[in-house]
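Chains as they are written, first to last, in the numbering used here: chain H, 1 to 293; chain U, 1 to 319.
By construction, these hints were calculated from the structure, which means they are not laboratory data. Where hints are given, some of them may not hold.
Unchecked claim - Chain H is nowhere near these chain U residues, computed Cβ spacing over 10 Å in every case:
#1 D130
#2 A167
#3 A183
#4 T228
#5 A263
#6 L264
To be verified - Computed cross-link-like contacts, DSBU-like style, restricted to lysine-lysine with a CA-CA straight-line distance of at most 30 Å:
#7 K265/H x K106/U
#8 K118/H x K265/H
#9 K7/U x K156/U
#10 K158/H x K168/H
#11 K104/U x K265/H
Virtual Cβ for every residue (Gly too), placed ideally from N, Cα, C.
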Amino acid sequence: MQLEQILQYSFSGLSTGAIYALIGIGFSIIFNATGIINFAQGEFVMLGGMLTLFFLELLHLPLWAAVPCAVAVSALAGILFERLAIRPLRQPTPINLVIITIAGSILIRGLAMLLWGKDTHAIPPFSGDEPISIAGATILPQHIWILTITVLIIAVNKFFFYHTISGKAMRACSYNRRAASLVGIDVRRMVLFSFIISSMLGSLAGIIVAPLTMTAYDVGIMLGLKGFCAAIIGGMSSGIATVVGGLILGVLESLGAGLISSGYKDAIAFIILLLILFIRPQGLFGKAESERV
Amino acid sequence: MKRELLKFLFFAVLILAAPLVFTGGYLMNVLVFVGINTMLAVALNLLLGYAGQISLGHAGFFGIGAYLSGILTATYGWNAWLAMPLAALTVGILAGLIGFPILKLKGHYLAMATLGLGIIIYIVFNETVDLTGGPSGLSGIPNLAIGSLVFDNDLKNYYLIWTFGLAVVLFCVNLAGSRVGRALRAVNDSEVAARVMGVDARILKVQVFALSAVISSLAGSLYAHTMTFVSPASFGFNFSVELLTMVVIGGLGSVYGSFLGAALLTLLPELLRGAQDYDIIIYGGLLMIMVMFMPGGLVRGLPELFRRAARRREGAGNA
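This is chain H alone, in the form it adopts within the complex (with noise of 0.2 Å):
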């Protein structure tokens, strides 16, 4: 085994590890503002994707103005599934809570399905695919793009979350839900709120990773659930926890799958969740009372 190896590995980890911290933060964000695991987040991610080629190949749409409206359309899915599924559901017990995630994903994918059919669709890389070598080891502008855009927007989520009052509000729900409401914040509207970013947040991921993985109906199954490890190795906070939450995952399966097996690549990451679920459920970094949000 050589070093470039190894470094090639780790560069290619790090990008899909970029990726799989944005669904985290996704997770996180409404699991901190609901107490709610959000089955369907993969399937904004695959939305991102999806209505990003829709709006490049049918509406003949450039990539620059295709980009937000397909986060928009996503954001109106994720307006929908909180008003359709969430806030009307009677009973919410976690496990209905559960099955009506799980239900709401299995439309939306069922929905793609019939709107953009099985087949896998390519997304153009943003800015070409003339690989840059750096130290022996070779990276596509694709992950130069999803790491810069990576970073973009955590800064802008920490601005976001610790500068805007929206940001401050929804903040203190997820402290105490009670307090906040005592003090004239509107939980109802921040638990919007949270479906609304972080259904773009998952987007958004969908979209910088499609040019490298492609995109079909049903990838954001896969893609859901190693965001939701990513968010477990950093203790469901939605800040620098889970990123490193997710290059760590990130890494450690792409080191995995040129080390030991490719097959088994998919399985690293669910060996990891449940191993932290098991003897830290509060995550690598957390305390016994982590900040979130």
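Place chain U on chain H using the hints.
For chain U alone, coordinates are given in the frame of chain H:
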């Protein structure tokens, strides 16, 4: 208890007499699947409906049962009647061991952990090509046989499967009505309260998890011997969700509800043969509608609906 027995006898007669009405190989074949799915749904319902512990990995236990039976008989030439209990025992031990750490988790976390477990099992089926045949599957699994009676056609399989199916139903009806069943419901309502009353919730949860896995494994073995072929596609995440749908549609905590859910979800796609691509939407839609409007499932929701309709009719008559 006497009423329960009558109910069961009625159900058993209904099942045993069904082939007199529903003849034809194709339909019989579908009814064999109703039987297998009923066992699986009843098993999952013990865990989900009675103990209140969700599992999204039961397709994995079903698969291990099917593969162990298949591999032992097809590859190593074992007698199927030996392979089946050995598979069930293995699955039981496995589920018992994994049950301790996994059932410490609650709600959403438990759902995710069991889901992860199911997917790991699925990946192993795909990757251990030497053992399982990988994605192309394992064929040449022998039919079950008693002496010269080989269960090789749909009618024989129907009675074979439903002999086991009825035994599972009877066992679970009894269990649900017993002390253990009450303890399970107590754990479901409030684990702390159940503990206070002297129920060892931790052990009980692991026991019911293992029991549920053993029944699933048994259903898997029967599946392997009736199909004579297994492939990983039948044991994926989607099937776990399908099982969950059966249990929820039928009614949590109702054995006969699980039969209803299993029958409905097995027959429905067959009736909608032309609209095969739509069945994923139908599952999702049904699941959503049930949780939102009939959280008690069909067994509680339908009578309620009739009662409400009757009341409305009465109201209209009075006006």
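Structure-based check of each hint:
The claim that D130/U lies off the interface holds: its Cβ sits roughly 13 Å from the closest Cβ of chain H, which is beyond the 10 Å cut-off. With a minimum CB-CB distance of about 28 Å to chain H, A167/U clears the 10 Å threshold, and the non-interface call stands. For A183/U, the requirement that its beta carbon stay farther than 10 Å from each beta carbon of chain H is met, with the minimum near 19 Å. Remark: the non-interface label on T228/U is consistent with the geometry, its nearest Cβ contact in chain H lying 26 Å away (cut-off 10 Å).
With 10 Å as the threshold on Cβ separation, the claim that A263/U sits away from chain H holds: the shortest Cβ distance comes to roughly 20 Å. With a closest Cβ-Cβ approach of about 16 Å to chain H, L264/U is found to remain outside the 10 Å limit, as its non-interface label requires. Between the alpha carbons of K265/H and K106/U the distance comes to roughly 27 Å, so the proposed pair stays at or under 30 Å and holds. Our distance criterion of 30 Å between C-alpha atoms is met by K118/H and K265/H, whose separation comes to about 24 Å.
Using a Cα cut-off of 30 Å, the hinted pair K7/U and K156/U holds, with the two alpha carbons roughly 25 Å apart. Pair hint K158/H plus K168/H holds up; C-alpha atoms about 11 Å apart against a cutoff of 30 Å. Pair hint K104/U plus K265/H holds up; C-alpha atoms about 27 Å apart against a cutoff of 30 Å.
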